[in-house]
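Engineer: Read off the chains here:
There are 4 protein chains.
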Amino acid sequence: MANSKFEYVRNFEQPDPLLPNTWIVVRIDGRAFTKMCAKYEFQKPNDRRALDLMNVAAMAVVTDIPEIIIAYGVSDEYSFVLHKSCDLFERRASKLVSTIVSTFTANYVFSWPTCFLDTPLSFPLPTFDGRAVCYPSVQNLRDYLSWRQVDCHINNLYNTTFWSLVQLGGLDNKDAERTLAGTLAADKNEILFSRFHINYNNEPEIYKKGSVIFRDYELVDPGSHSVAAEIDDLAEPVTQSKTQTEKDKKRRAKARVVVQHLDIIKDDFWDRRPWILSNKPGKAPKET
Amino acid sequence: MANSKFEYVRNFEQPDPLLPNTWIVVRIDGRAFTKMCAKYEFQKPNDRRALDLMNVAAMAVVTDIPEIIIAYGVSDEYSFVLHKSCDLFERRASKLVSTIVSTFTANYVFSWPTCFLDTPLSFPLPTFDGRAVCYPSVQNLRDYLSWRQVDCHINNLYNTTFWSLVQLGGLDNKDAERTLAGTLAADKNEILFSRFHINYNNEPEIYKKGSVIFRDYELVDPGSHSVAAEIDDLAEPVTQSKTQTEKDKKRRAKARVVVQHLDIIKDDFWDRRPWILSNKPGKAPKET
Amino acid sequence: MANSKFEYVRNFEQPDPLLPNTWIVVRIDGRAFTKMCAKYEFQKPNDRRALDLMNVAAMAVVTDIPEIIIAYGVSDEYSFVLHKSCDLFERRASKLVSTIVSTFTANYVFSWPTCFLDTPLSFPLPTFDGRAVCYPSVQNLRDYLSWRQVDCHINNLYNTTFWSLVQLGGLDNKDAERTLAGTLAADKNEILFSRFHINYNNEPEIYKKGSVIFRDYELVDPGSHSVAAEIDDLAEPVTQSKTQTEKDKKRRAKARVVVQHLDIIKDDFWDRRPWILSNKPGKAPKET
Amino acid sequence: MANSKFEYVRNFEQPDPLLPNTWIVVRIDGRAFTKMCAKYEFQKPNDRRALDLMNVAAMAVVTDIPEIIIAYGVSDEYSFVLHKSCDLFERRASKLVSTIVSTFTANYVFSWPTCFLDTPLSFPLPTFDGRAVCYPSVQNLRDYLSWRQVDCHINNLYNTTFWSLVQLGGLDNKDAERTLAGTLAADKNEILFSRFHINYNNEPEIYKKGSVIFRDYELVDPGSHSVAAEIDDLAEPVTQSKTQTEKDKKRRAKARVVVQHLDIIKDDFWDRRPWILSNKPGKAPKET
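Residue numbers (full-length UniProt numbering), protein chains in the order written: chain A, 1 to 288; chain B, 1 to 288; chain C, 1 to 288; chain D, 1 to 288.
In isolation and in its complexed conformation, chain A is listed as follows:
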């Protein structure tokens, strides 16, 4: 039985390549995580097990897909950044998004028991959706990541104060909401300190800064150069010998993928880790 009669249906597949020479961000978000939080009794304002599980899953994604140069996570969302020179899956949007979402989900479900020791998973299972966005310049990309990290800060300060008012101050949710309406950051810091003796600065970095995942090499002395300008200048295609490409691949494969909780808004993070934007592996860090 020949299949040719029906093959015309392939013509309905529409191409969806992302614009070359742009930074691709694939952001995934937990679906219906408010329900999830209630069902599994996530701790407020932050559930350390849940964040650890997000990080475990994201580490697996970054390890599996070396084209990802950095990932940033907060709450139930994670952003994965593919280098602007990346040609994985010919940059097809649906293929990139679905692969990252699927890898993340598989690891999230699989590693659940290692993070939630006494809380077995049950139906309906946790799931994530995702989308791809292109950023043309280094500045746009960094502004995107800054946007997410500022959001992390704003939400965490609010949530920390809100739940202090509720859990320590005995307010109900509505009263806590009313108390915080119209307050600035300074006001919230003040509430935390004066009422609950909590110094927000001493809160765990993972809550205040979110989580940053990248390949780790020896830090570089900053100040001597501007990575951003160099990177934007690079137009495709960078010609590089095959030997060099192979070498880079091996070094990248050997590099340790780490999760840290750092400021990625200021230049310092980027200047000391030029390999992230250049996509050229750095020196292996000294063993300690």
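Take the hints with a grain of salt, since some may be wrong.
[What the hints assert, rightly or not] Below are the SDA-like pairs computed for lysine to any residue, each with C-alpha atoms no more than 25 Å apart in a straight line:
| no. | chain 1 | residue 1 | chain 2 | residue 2 |
| --- | --- | --- | --- | --- |
| 1 | C | Lys280 | B | Asp143 |
| 2 | D | Lys39 | C | Ile65 |
| 3 | A | Lys208 | B | Phe6 |
| 4 | D | Lys39 | C | Ile198 |
| 5 | D | Lys208 | C | Arg10 |
| 6 | D | Lys266 | D | Pro281 |
| 7 | B | Lys35 | A | Asp64 |
| 8 | C | Lys5 | C | Pro17 |
| 9 | A | Lys249 | B | Thr34 |
| 10 | B | Lys5 | A | Asp267 |
| 11 | C | Lys250 | D | Lys35 |
| 12 | A | Lys5 | B | Asn201 |
| 13 | A | Lys5 | B | Glu7 |
| 14 | C | Lys5 | A | Lys44 |
| 15 | B | Lys5 | A | Tyr158 |
| 16 | B | Lys254 | B | Ser241 |
| 17 | B | Lys5 | D | Lys242 |
| 18 | C | Lys249 | D | Pro281 |
| 19 | C | Lys35 | D | Asp87 |
| 20 | D | Lys249 | C | Ala32 |
| 21 | A | Lys35 | B | Arg91 |
| 22 | B | Lys254 | A | Pro124 |
| 23 | B | Lys39 | A | Lys39 |
| 24 | D | Lys5 | C | Gly182 |
| 25 | B | Lys44 | B | Ser122 |
| 26 | A | Lys39 | B | Met59 |
| 27 | C | Lys254 | D | Arg31 |
| 28 | B | Lys5 | A | Ile206 |
| 29 | D | Lys5 | C | Met36 |
| 30 | A | Lys266 | B | Glu7 |
| 31 | C | Lys249 | D | Lys250 |
| 32 | C | Lys5 | A | Thr245 |
| 33 | B | Lys249 | A | Lys44 |
| 34 | D | Lys5 | C | Ala185 |
| 35 | A | Lys35 | B | Lys254 |
| 36 | A | Lys5 | B | Leu262 |
| 37 | D | Lys5 | C | Lys280 |
| 38 | D | Lys250 | C | Met36 |
To be clear, the hints were calculated from the coordinates, so they are not data collected in a lab.
Since the structure of chain A is already known, use the hints to place chains B, C and D on it.
Structural biologist: Coordinates of chains B, C and D only, in the frame set by chain A:
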């Protein structure tokens, strides 16, 4: 700290709505499943456990997303069809694809132990990619599904003969390949029967036909009407009272989601199940 | 000097094919035509010369591009419909839109002097923008065209009454606007008749109905069949012998392209001209 | 008569915004210009009247649309570049392309008699198609323009030699083609010089370099700065006072739009005219 300085990055998000009034097919495929087969020693030509797991995961997807009217699976791929009137996620392609891929993956990983009793899952985990395709007419949609089912048949006949030659006939892979080069369906049937006393018609339906998932209602007497013509005629928006919509929703939620192994190429399947294309729930089947 | 160093820039060209088996409407609109009207002193509420010029230009487009099955124009806009089986320019949106806009503009500017005998064109010249929209079913397409024709009617009734109040009734624009605020169609008809002895039904058809352009064949006896259902059923690709295709092409080339002012909302127009939706040339009309 | 019943058809209009912060190139091409050349007996290898007309039309486009920072034309094609910060028509692809194509066509047809004094235009009229492409970095954009200018050079050298062989050397087209098969640039220069005493370097710049259109201000002393790096660094949105925007607009409107025939591959052109990439109007040139 206001976040407004960075918010402009949202403008880089591009809209990706799928054309209204078209049938949306989201097809997912196992990534690197050849490696998977080797790693977990899937049986050849068909591993019943693997197919059962695909069906378990797909059943969960169809149950979770009532907008899916039918799903068809073969080997490591599954096609999910959303009704042309579906407005889920405002028909955004990446949202639809990522949600379906994620739900499928979560269930595949979670239910693995129930299908592979003695074979624990290990890294790297099984993952899937996906894409959405729009089909304007009922004929296009049915031709798409026919294309997949014919493909199932062609591959299964080939694989059944190939692995018979290898496993029962003692040929190595190359000799089996050579034996089959240029053969027609009739030739393969003949090889199976004359050399191995296998009547291909008696092979399990799940291998020959693949798997079809849908909501089950009482079968309808066919012949009296053409569903396709009626369906294509329907333009958006169908106005329906809210009460009716709510009623439909409840009946749909109560309906049993079933997996069967039937011919979906001929009219009979569709004529007896008009609810699939009309999206109007049928009568609950008589209890037996 | 080899050009290969720069050729990579071609990779930035993104594909933009329109979904197969859907009706393509390319609608063009005059840019800044309010200014145009003032500059060339177009008559109110309708300038016959301006409408004639629109029709001349649209006739040229339909004649040049036989894939256009029908066009509908009102005021400074025109909609061109390509048959759902059309494969012109591989259905690339920008190519289709730009070609139609360019052909229309060229003819509009070139034929200006034949319609505006005493009013020479001057800078800035009249221009048009355009866009393509896909409609999956015959019903959607007809609803689109009905939408435009109803719009024509609504606007023309309003404008006819408005300008009667101003030109015949001596009201200024604001008072005329106020007089019409909240009025229904019947009210406007009444104003026209009682104040100005104008029977709206006797207004020229070109103003009330807009302009319809199509290839003319012998009218068909309606009632015996439903074109829409047959047409929607047709899936791609319709196989047709080359001889037949060539014959069709010749008959189509010989057919007279006409502009008429008819109701295209009711079935009658379509039932008597089945060639428009079927794309199969009809019989040459009897000479008279 | 309310129109609401049909208004749903608007939902089929798909959004088509181009990625922000990228350089938009709209390239238009003459349709069927080989036929045009034959019909109007364009001179070979270059018809000065035809090129002048292309430039007249392109000048009108650049003058009408101040968001165009530079345009480059060769043969029957023209590329119009919109600044990466441009928000005209919310960057909708079809609107940008159709407007530019329409404005170009209108002016081409209207100004035909001023360039082709004794050759009246006739049906079918000259038309153009167009498309938009986005380039993320200055380097990509300049590489695009270099690609077109190198193409101009390669074609013009070939055509000049080819038509010399035919018109001066008495070869027929096939023999001329054969003579040039496999020749390098140096060979063609040699043929021109030794056989026909033509020094290619002395050919008119308009043929060798094509045509560049831009707003003219006082040239800047190059070397002190790199425009490209500064420009790529700029992320959206650049905040600028309204007064400044208004001032810029006025200066831009006053600037002379010029057509010149220069090398745009080397840095010099860009370094001396920083206003092209920065989109900040320069100083008015001294009167001479």
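Engineer: For each hint, tell me whether it holds in the structure or not.
Structural biologist: Evaluation of the provided hints:
At most 25 Å may separate the alpha-carbon atoms for a hinted pair to count; C:Lys280 and B:Asp143 meet this at roughly 24 Å. Between the alpha carbons of D:Lys39 and C:Ile65 the distance comes to roughly 20 Å, so the proposed pair stays at or under 25 Å and holds. A C-alpha spacing of about 18 Å is found between A:Lys208 and B:Phe6, which places the hinted pair at or below 25 Å, so the restraint holds. The hinted pair formed by D:Lys39 and C:Ile198 fails the criterion: a straight-line CA distance of about 52 Å is larger than 25 Å.
Our distance criterion of 25 Å between C-alpha atoms is met by D:Lys208 and C:Arg10, whose separation comes to about 23 Å. Restraint check for D:Lys266 and D:Pro281: the C-alpha separation of about 22 Å stays at or below 25 Å, so the hint holds. The suggested pairing of B:Lys35 with A:Asp64 holds, with an alpha-carbon distance near 15 Å, which does not exceed 25 Å. Proposed proximity of C:Lys5 and C:Pro17 is contradicted: the alpha carbons are some 28 Å apart, above 25 Å.
Taken as a hint, the A:Lys249 and B:Thr34 pair is honoured in the structure, with Cα atoms around 24 Å apart against an allowance of 25 Å. Taken as a hint, the B:Lys5 and A:Asp267 pair is honoured in the structure, with Cα atoms around 16 Å apart against an allowance of 25 Å. A distance of roughly 21 Å separates the Cα atoms of C:Lys250 and D:Lys35; the hinted pair therefore holds under the 25 Å criterion. Annotation: proposed proximity of A:Lys5 to B:Asn201 holds, straight-line Cα distance about 23 Å (limit 25 Å).
Distance check on the hinted pair: A:Lys5 and B:Glu7 sit about 50 Å apart at the alpha-carbon level, beyond 25 Å; violated. Taking the CA atoms of C:Lys5 and A:Lys44, the gap is near 57 Å; set against the 25 Å cutoff, the hint is violated. A C-alpha spacing of about 19 Å is found between B:Lys5 and A:Tyr158, which places the hinted pair at or below 25 Å, so the restraint holds. Simply put, B:Lys254 and B:Ser241 have alpha-carbon atoms about 20 Å apart, close enough for the 25 Å limit, and the pair holds.
At roughly 19 Å between alpha-carbon atoms, B:Lys5 and D:Lys242 fall within 25 Å of each other, so this suggested pair holds. Pair hint C:Lys249 plus D:Pro281 does not hold up; C-alpha atoms about 55 Å apart against a cutoff of 25 Å. The suggested pairing of C:Lys35 with D:Asp87 holds, with an alpha-carbon distance near 23 Å, which does not exceed 25 Å. Distance hint between D:Lys249 and C:Ala32 is fulfilled; the C-alpha atoms sit about 20 Å from each other, no more than 25 Å.
Taking the CA atoms of A:Lys35 and B:Arg91, the gap is about 23 Å. The hint holds against a cut of 25 Å. Simply put, B:Lys254 and A:Pro124 have alpha-carbon atoms about 17 Å apart, close enough for the 25 Å limit, and the pair holds. Straight-line distance between C-alpha atoms of B:Lys39 and A:Lys39 comes to about 36 Å, which puts the hinted pair past the 25 Å bound. Note on D:Lys5 and C:Gly182: the hinted pairing holds, with a Cα-Cα distance of about 20 Å set against a maximum of 25 Å.
Using a Cα cut-off of 25 Å, the hinted pair B:Lys44 and B:Ser122 holds, with the two alpha carbons roughly 21 Å apart. With a C-alpha separation of about 23 Å, the suggested pair A:Lys39 and B:Met59 falls inside the 25 Å cut-off, and the hint holds. Restraint check: the Cα-Cα separation between C:Lys254 and D:Arg31 comes to about 24 Å, which is no more than 25 Å; the hinted pair holds. A C-alpha spacing of about 23 Å is found between B:Lys5 and A:Ile206, which places the hinted pair at or below 25 Å, so the restraint holds.
Distance check on the hinted pair: D:Lys5 and C:Met36 sit about 32 Å apart at the alpha-carbon level, beyond 25 Å; violated. For the proposed pair A:Lys266 and B:Glu7, the alpha carbon gap of about 17 Å is at most 25 Å, so the pair holds. Taking the CA atoms of C:Lys249 and D:Lys250, the gap is near 54 Å; set against the 25 Å cutoff, the hint is violated. Simply put, C:Lys5 and A:Thr245 have alpha-carbon atoms about 20 Å apart, close enough for the 25 Å limit, and the pair holds.
As the CA atoms of B:Lys249 and A:Lys44 are separated by approximately 35 Å, the hinted pair breaks the 25 Å bound. For the hint linking D:Lys5 to C:Ala185, the alpha-carbon distance of about 17 Å falls within 25 Å, and the restraint holds. In summary, the hint linking A:Lys35 to B:Lys254 is supported, as the alpha carbons are separated by about 22 Å, within the 25 Å threshold. For a cut-off of 25 Å, the pair hint linking A:Lys5 to B:Leu262 stands: about 20 Å separates their Cα positions.
Straight-line distance between C-alpha atoms of D:Lys5 and C:Lys280 comes to about 30 Å, which puts the hinted pair past the 25 Å bound. This hinted pair checks out: D:Lys250 and C:Met36 have alpha carbons roughly 24 Å apart, not beyond 25 Å.
Consistency note: the structure conflicts with the earlier hints numbered 4, 8, 13, 14, 18, 23, 29, 31, 33 and 37.
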